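Taken in sequence, the protein lines are chains A, B and C. Residues in the first sequence are numbered from 1 upward in steps of one, following the numbering used here. Residues in the second sequence are numbered from 297 upward in steps of one, following the numbering used here. Residues in the third sequence are numbered from 659 upward in steps of one, following the numbering used here.
You may find that some hints are simply not true.
[Claimed, not checked] On the chain A side, residues computed to face chain C include the following (Cβ under 10 Å):
| no. | residue |
| --- | --- |
| 1 | 5 |
| 2 | 108 |
| 3 | 109 |
| 4 | 125 |
| 5 | 253 |
| 6 | 255 |
Since the hints were made in silico from the structure, they are not lab data. Predicted model only: the values in this text are computed from it and were never measured. Just so it is clear, CB atoms sit at the ideal spot from N, CA and C, and this is done for glycine as well.
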Amino acid sequence: MPFEQLLQYIFSGITSGSIYAIVAIGFNIIYNTTGIINFAQGEFLMLGGMTAISLHSFMPLPLAILAAVIITSAVGALIDFIFIRRLKSPSVLNMVIVTIGLSIMIREIALHVWDEKVRSLPYFTGSEVTSINIMGAYISPQVLWVLGVSGVIVAFLGVFFRFTLTGRSMRACASNITAARLCGINTKNMVTISFMLSAAIGALAGCVISPITQTQYDCGTSLAIKGFTVAILGGLGNSTGAVIGGIIIGLLEAMSISIMPLAYKDAISIAILLIILFARPSGLLGKREAAGLKEF
Amino acid sequence: MRPSVYIPVAVLTACIIAFQIIVSALNREFYLTQLTMSAYYSLVILGLTVLMGYAGQISLGHAAFFAMGGYTTAVLTTYNLAGAAGNPLVKLVVGLGLDTVSTNAYGAQTQHLSPWVSLVVAVCLTAAVAFLIGIPILKLKGHYLAMATLGFGIIVYRIVLGTRMFGEADGISDLPAFRLAGGLAVGGDPGLRVQNYYIAAFLLVAGVILLTNLIDSRPGRALRSIHGSEEAANAMGVNTARYKLSVFVLSAVFACIAGVFLTHFNGGIGPSEAEVMKSVSYVAIVAVGGMANLWGALVMGVVLNYLSLRGYFGSYDEFVFGCILIVIMLFMPEGLLIKENFRILADTAVRIVNKCRAGKQE
Amino acid sequence: MSFKKILVVFVCLAFLAVAVSCKKKSGETIKIGAIFAVTGPASFLGAPEAKTAQMIIDEINSSGGVDGKSLELIIKDSTGSPEKAISFAKQLIEENKVFAIIGPSTSGETMKIKAICEDGKTILLSCAAAEDIVNPVAKYVFKTPQKDSYAAEKIFEVMKKKGITTIGVVASNDGFGLAGKKQLETIAPKFGITILIGEVYDKKATDLTGVLTKLKANNVQAVVNWSIVPAQSIVPKNMKQLNMNVPLFQSHGFGNIKYAREAGAAGEGIIFPCGRLLIVDTLPDNHPQKAVLAKYKKNYEGKYGEDVSTFGGHAYDAVMILVEAIKKAGADKEKVRDAIESLKGFAGTGGIFNFSVQDHNGLAIDSFDMLTVKGGKFVKYEDK
Chain A
1 MPFEQLLQYI
11 FSGITSGSIY
21 AIVAIGFNII
31 YNTTGIINFA
41 QGEFLMLGGM
51 TAISLHSFMP
61 LPLAILAAVI
71 ITSAVGALID
81 FIFIRRLKSP
91 SVLNMVIVTI
101 GLSIMIREIA
111 LHVWDEKVRS
121 LPYFTGSEVT
131 SINIMGAYIS
141 PQVLWVLGVS
151 GVIVAFLGVF
161 FRFTLTGRSM
171 RACASNITAA
181 RLCGINTKNM
191 VTISFMLSAA
201 IGALAGCVIS
211 PITQTQYDCG
221 TSLAIKGFTV
231 AILGGLGNST
241 GAVIGGIIIG
251 LLEAMSISIM
261 PLAYKDAISI
271 AILLIILFAR
281 PSGLLGKREA
291 AGLKEF
Chain B
297 MRPSVYIPVA
307 VLTACIIAFQ
317 IIVSALNREF
327 YLTQLTMSAY
337 YSLVILGLTV
347 LMGYAGQISL
357 GHAAFFAMGG
367 YTTAVLTTYN
377 LAGAAGNPLV
387 KLVVGLGLDT
397 VSTNAYGAQT
407 QHLSPWVSLV
417 VAVCLTAAVA
427 FLIGIPILKL
437 KGHYLAMATL
447 GFGIIVYRIV
457 LGTRMFGEAD
467 GISDLPAFRL
477 AGGLAVGGDP
487 GLRVQNYYIA
497 AFLLVAGVIL
507 LTNLIDSRPG
517 RALRSIHGSE
527 EAANAMGVNT
537 ARYKLSVFVL
547 SAVFACIAGV
557 FLTHFNGGIG
567 PSEAEVMKSV
577 SYVAIVAVGG
587 MANLWGALVM
597 GVVLNYLSLR
607 GYFGSYDEFV
617 FGCILIVIML
627 FMPEGLLIKE
637 NFRILADTAV
647 RIVNKCRAGK
657 QE
Chain C
659 MSFKKILVVF
669 VCLAFLAVAV
679 SCKKKSGETI
689 KIGAIFAVTG
699 PASFLGAPEA
709 KTAQMIIDEI
719 NSSGGVDGKS
729 LELIIKDSTG
739 SPEKAISFAK
749 QLIEENKVFA
759 IIGPSTSGET
769 MKIKAICEDG
779 KTILLSCAAA
789 EDIVNPVAKY
799 VFKTPQKDSY
809 AAEKIFEVMK
819 KKGITTIGVV
829 ASNDGFGLAG
839 KKQLETIAPK
849 FGITILIGEV
859 YDKKATDLTG
869 VLTKLKANNV
879 QAVVNWSIVP
889 AQSIVPKNMK
899 QLNMNVPLFQ
909 SHGFGNIKYA
919 REAGAAGEGI
929 IFPCGRLLIV
939 DTLPDNHPQK
949 AVLAKYKKNY
959 EGKYGEDVST
969 FGGHAYDAVM
979 ILVEAIKKAG
989 ADKEKVRDAI
999 ESLKGFAGTG
1009 GIFNFSVQDH
1019 NGLAIDSFDM
1029 LTVKGGKFVK
1039 YEDK
């Protein structure tokens, strides 16, 4: 395989990998606080994208994105207030079912609020035809945007969870909710904040990837499944792991295209995930001992 | 069988027969079509109830087992043996008398494998796959279990969708009828409707009897102990891994049998039967039925599928299922059909009647 | 507790409402069933089809109906699932005793209910593309979209003029994409064209640079993307990103200006075969389809405030053919079936229909024009 071609496959892998990664990061925030997986995370992306697209028709792009992020994060808070708080002692099974129900509900509401048609935001820099030539291979500037935004989010979350009081309180909730409560942390508010934060990050992700992937009422589910795969691959709760996992899955898929029929692409990435789950459920960057202690 | 089991079973059987007699008398036999389909879907749900409600193991990939049953029989019984008469395997099949001849929709005769053989193949295949995949999957817990079963479902969906043998996106159509013994046949012909209703009902009742007995037996108690606390169960000497695996395989076989029969009844199958959304709707119905409540799951399975298949929810079909999931989980995790709810209903009814009476007296 | 009480009562009332709503009024009407994928993965087909069918039926009823009777349309949302289509088809035929069924939207569903309609002696006017629907011909089954093979031939004709001999094909993994890919593969040798690579992508694909890289590495002279999903706007964008400057051909599934708009600057120069609905403004006034197309476009866009698409046109044709046949033969199923089979020179949105005993599609290859995207608009493609 000539070098340019190999590089092009790598770029293609990075393009889809960066999309998976930015979705996976959103999963980690709620997981880090509550220990639950929010199956409706994909719908936050869709909501963010759709809202920004609708707002963009009468305000500039950055403002539309900002407004979409705020609106979606309000939706996240609302979901916590209306649904999650009502669950008294949620088991994992119940949470999985509730969040799946939420995801279906949001999707169907979006179908009736907007319609079945596909939309997208304009490219942040350049247009549909712009591409950057790096050593003979080409990449869209929007991919760099996605990578950049993922990087900023990871850095922000790292600082947030390590150095701010709120961030640390949220982590305390995840490791032992009773102990956290005893330390005077308002655990319920922490859960609300985590929902707002992950909705906001989901919405931002939905806006950044919209020019590449386009946005449709039902685009959330397939993105969420990929994002979930990547989050587990990288180790649940680990944002750096999510980015690395995303790029790995993206690259594997791109390479598989060069030798296998494209039709089985998704089956391959899921099969890899299953193997990892069986062999090392804590993921690539997760701590094995931590996973063993966690109660599921 | 204990009395507590056979009384409800007798009531169920009576209901089944009464319904048929009533709709036949009213000349409304077409209601039976969707009821037959719902009965097969309820069979999947029954199996899943034991897995989820009693053994406490979630499966977001049960549609895959249904699809494996349906697709196996679809592939095997639509393969025209006459076209490959020279093949030694085909010779063997014909020599053993495992083939049948049917007339297809265009009036032509086709020689194909007997659906009995494909039923056996489908069950064996599904059980083997469930067994092999169950060993590693059931070691996982919580989200990892959910994700792994979901992943398994997606893989089966992708294979079905991407393989020419399975008809890709169009699926497989024009299946022959499944001729059982004595003139009984599973097929879409309107003339077969009443007997198909009874075939489906028979399978459903048989499934209920089998599962209620299982739950009341020693393995059933072991399963409930797993749901309560797996560690404690293990400590008490329950081989949790083995019990979980057996129930997983059993519920997969239930789904597979339902898949085989429904595919012959429908005369075809498409990839939508293997979709994730389908698995989710099975889980939703188990939850509505009250998780560890076979009768609840049975009733809700028949009712909700029936309404959905008749198109009552219109374009809000998925929305309804999403809402059901949330509402049930939030407000009545015990399910809809529990005594308390009936009591509330009765109370309210009595109060309304009393009020009306009071109003009249004034 | 009180909330729970309300909930329980509410649920019971909901069931009651459902039970009561079963009772339907009946009168001097002709019932027409419709099975469309209004929601779900094929909703971009089913939604405009359902809207169109409802619109025409309303129009006809407000102008006095057909044959002195008004029409009643029963739309069922199949969400693109064959098992639901089967259930609805049986329900419509046996229970609602419909006069004819319009739809379904996808080939997979149509193939499942073909035999059911045949047994039930009910006319089926499918809005799905695959040729298997009318080949072999079933007595009661018709379809309105143009044949895939004609679209493929049209594409290859242009390629031949351009001197293209090696191409790459990508198609979506739904009924439409796969049927088209099959036709391309069968017909290509006749035109001396080699398909170097044929790949199928997921209908929810979000990025296709990987597979396009594979095509680029094989130095294809043109790319054909046969699909009906939003990826039709992703393929041109990704090609431009990869600096692939070979011509892109798409199928008649591109017949929705929305897709061209999404592709933006990358969509310029896409060549595709299509019915004339999208270039109605440029048709000469004496064109036989002009009046039909202009009226449909005006009414649809006026009523729903969205761009008209060729998919909705398939439903328009299906309903109008049925209505035309009822006008000719009266409200008798058998006679109407015969009338459809002998319908000649009927101008619809997809082309001029000429049905016969052997041909239950009725459209000829001239129902397609080659279009291209210029300045964000569809225009007729001119050979250079």
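Flag every earlier hint the structure violates by its number, smallest first. Numbers 3 and 4, in rising order.
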